[in-house]
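Asker: Sequence:
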Amino acid sequence: MPLSEMQTNQKGRIRTYSVQGLLKQKLYNMGFVPGSEILMVRTAPLMDPIEVMIQNYFVTIRKDEAKIIEVEVI
Numbered sequence: 226m227p228l229s230e231m232q233t234n235q236k237g238r239i240r241t242y243s244v245q246g247l248l249k250q251k252l253y254n255m256g257f258v259p260g261s262e263i264l265m266v267r268t269a270p271l272m273d274p275i276e277v278m279i280q281n282y283f284v285t286i287r288k289d290e291a292k293i294i295e296v297e298v299i
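For what it's worth, the working numbering labels the leading residue of the sequence shown as 226, then goes sequentially.
Don't read these hints as lab results, they were simulated from the structure.
Accuracy of the hints is not assured; some may be wrong.
To be verified - Computed spacing ranges between beta-carbons, pair by pair:
#, residue 1, residue 2, range
1, Gly246, Pro270, 26 to 34 Å
2, Gln250, Pro270, 27 to 35 Å
3, Thr241, Arg287, 16 to 24 Å
4, Tyr253, Glu276, 14 to 22 Å
5, Ile299, Leu247, 28 to 36 Å
6, Val266, Glu295, 18 to 26 Å
7, Val298, Gly256, 12 to 20 Å
All residues carry an ideal CB built from backbone N, CA and C; glycine is no exception.
Based on the provided sequences and hints, a complete structural model is requested.
Answerer: Below you can see the structure in the form of structure tokens.
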């Protein structure tokens, strides 16, 4: 399931993301590493951006970026 479809307070584990180049490096640098656990914290009133907790950090990303991150709900 894409990260963008997770519900508030739902936990998951990053499986993969389908992107190359600078965006892939940006996601990796922000902690979006395959195998990492992730928690959907909240979404903005208009559903963009979203806030997640990953590796004990709160990170806000755009919904377009969240759509390319595949997670497994745990």
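Asker: For every hint, state whether the structure bears it out.
Answerer: To see whether the hints hold, each was checked on the structure:
As the Cβ distance of Gly246 to Pro270 is approximately 31 Å, the hint placing it in 26 to 34 Å holds. As the Cβ distance of Gln250 to Pro270 is approximately 30 Å, the hint placing it in 27 to 35 Å holds. At roughly 19 Å, the beta carbons of Thr241 and Arg287 sit within the given window of 16 to 24 Å. In this structure the supplied range 14 to 22 Å holds for Tyr253 paired with Glu276, their Cβ-Cβ distance being about 19 Å.
Ile299 and Leu247 have their C-beta atoms about 29 Å apart, which keeps the hinted 28 to 36 Å range intact. Distance hint check for Val266 and Glu295: the Cβ-Cβ separation is about 19 Å, which falls inside the suggested range of 18 to 26 Å. Evaluation of the 12 to 20 Å hint for Val298 and Gly256 yields a pass: the beta carbon distance comes to about 19 Å.
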